[in-house]
Amino acid sequence: EPEVTQTPSHQVTQMGQEVILRCVPISNHLYFYWYRQILGQKVEFLVSFYNNEISEKSEIFDDQFSVERPDGSNFTLKIRSTKLEDSAMYFCASSQTGTGMGKTQYFGPGTRLLVL
Amino acid sequence: GQNIDQPTEMTATEGAIVQINCTYQTSGFNGLFWYQQHAGEAPTFLSYNVLDGLEEKGRFSSFLSRSKGYSYLLLKELQMKDSASYLCAVRDQYNQGGKLIFGQGTELSVKP
Numbered sequence: 001e002p003e004v005t006q007t008p009s010h011q012v013t014q015m016g017q018e019v020i021l022r023c024v025p026i027s028n029h030l031y032f033y034w035y036r037q038i039l040g041q042k043v044e045f046l047v048s049f050y051n052n053e054i055s056e057k058s059e060i061f062d063d064q065f066s067v068e069r070p071d072g073s074n075f076t077l078k079i080r081s082t083k084l085e086d087s088a089m090y091f092c093a094s095s096q097t098g099t100g101m102g103k104t105q106y107f108g109p110g111t112r113l114l115v116l
Numbered sequence: 117g118q119n120i121d122q123p124t125e126m127t128a129t130e131g132a133i134v135q136i137n138c139t140y141q142t143s144g145f146n147g148l149f150w151y152q153q154h155a156g157e158a159p160t161f162l163s164y165n166v167l168d169g170l171e172e173k174g175r176f177s178s179f180l181s182r183s184k185g186y187s188y189l190l191l192k193e194l195q196m197k198d199s200a201s202y203l204c205a206v207r208d209q210y211n212q213g214g215k216l217i218f219g220q221g222t223e224l225s226v227k228p
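One line per chain: the protein sequences are G and R, in this order. The numbering used here numbers the first residue of the first sequence as 1 and each following residue consecutively. The numbering used here numbers the first residue of the second sequence as 117 and each following residue consecutively.
The set of hints was computed from the structure by calculation and includes no laboratory data. These numbers come from a predicted model, not from an experiment. C-beta atoms are modelled at their ideal positions from N, C-alpha and C, and glycine is treated no differently. There could be a bad hint or two in this list.
[Claimed, not checked] Calculated cross-link-like contacts (lysine to any residue; reagent style SDA-like; alpha-carbon spacing at most 25 angstroms):
#, chain 1, residue 1, chain 2, residue 2
1, G, Lys83, R, Glu157
2, R, Lys173, G, Lys83
3, R, Lys192, R, Leu162
[What the hints assert, rightly or not] According to the in silico footprint, chain G covers these stretches of chain R (three or more CB under 8 angstroms from chain G):
#, segment
4, 158 to 164
5, 215 to 223
[As the list claims (entries may be wrong)] From chain R, some residues computed to sit far from chain G (all C-beta separations above 10 angstroms):
#, residue
6, Pro123
7, Met126
8, Thr142
9, Ser143
10, Gly169
11, Gly174
12, Arg182
13, Tyr186
14, Tyr188
15, Met196
16, Arg207
Construct all of the structure, not just a fragment, from the sequences and the given hints.
Given below as structure tokens:
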């Protein structure tokens, strides 16, 4: 069964450093998302992406964050200058369409980011 | 504002039935999803409701009442592996690529 994959599974970085989290969505999906989950808290939406542009972003997704689909398969989240409070599990998700059952979002296994 | 409420924890016995409730208040509504999340892992899709009524899928069923802003997830014939967090999520907009708003999750413990 097709699934969303993410790399790396874990990333440790120093405050102020740039990190790039990578995702390979399910191949025939058209909508891509990033969410994060701080330990013990709920899953929070960061950004959605469709047709090579951002569809929607949350207040969390400030100028330090960016997303890119550099080729036909990868979808990346970049954090330019990490802060301690960016420590979280970051989930990539994708959905086939925006309507009906096709809007079901399937999640990758996550990247656990720790900022020291 | 956007608000989704679920009980924080529930405990049930192997072989029994458990119902996990979710109430929501969102600016719009375009579907309600239930996900299962084991500790340290990704949310896994369980069910989707957009119209009122019950959707059944094996041991899992989900119910929706849009007028009441209420859903429940029913798990039958509980197994130990069902111990996990169950997340209620609402898609609040009709636009393409609409985000999911998640509740805090209900931590279910299944005991022998």
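The hints, checked one at a time:
1. G:Lys83 x R:Glu157: Holds, at roughly 23 angstroms.
2. R:Lys173 x G:Lys83: Measuring from Cα to Cα gives roughly 43 angstroms; hence the hint is violated.
3. R:Lys192 x R:Leu162: holds, 14 angstroms
4. 158 to 164: Since three or more residues must qualify, the claim that chain G covers the segment 158 to 164 of chain R holds, with 5 doing so at under 8 angstroms.
5. 215 to 223: holds (count 7)
6. Pro123: Its Cβ never comes within 10 angstroms of chain G, the nearest being 14 angstroms, so this holds.
7. Met126: holds, 17 angstroms
8. Thr142: holds, 13 angstroms
9. Ser143: holds, 13 angstroms
10. Gly169: holds, 15 angstroms
11. Gly174: holds, 16 angstroms
12. Arg182: holds, 17 angstroms
13. Tyr186: holds, 19 angstroms
14. Tyr188: R:Tyr188 is indeed farther than 10 angstroms from all Cβ atoms of chain G, at 19 angstroms.
15. Met196: holds, 22 angstroms
16. Arg207: Contrary to the label, R:Arg207 does not stay out of reach of chain G, its closest Cβ about 7 angstroms off (not over 10 angstroms).
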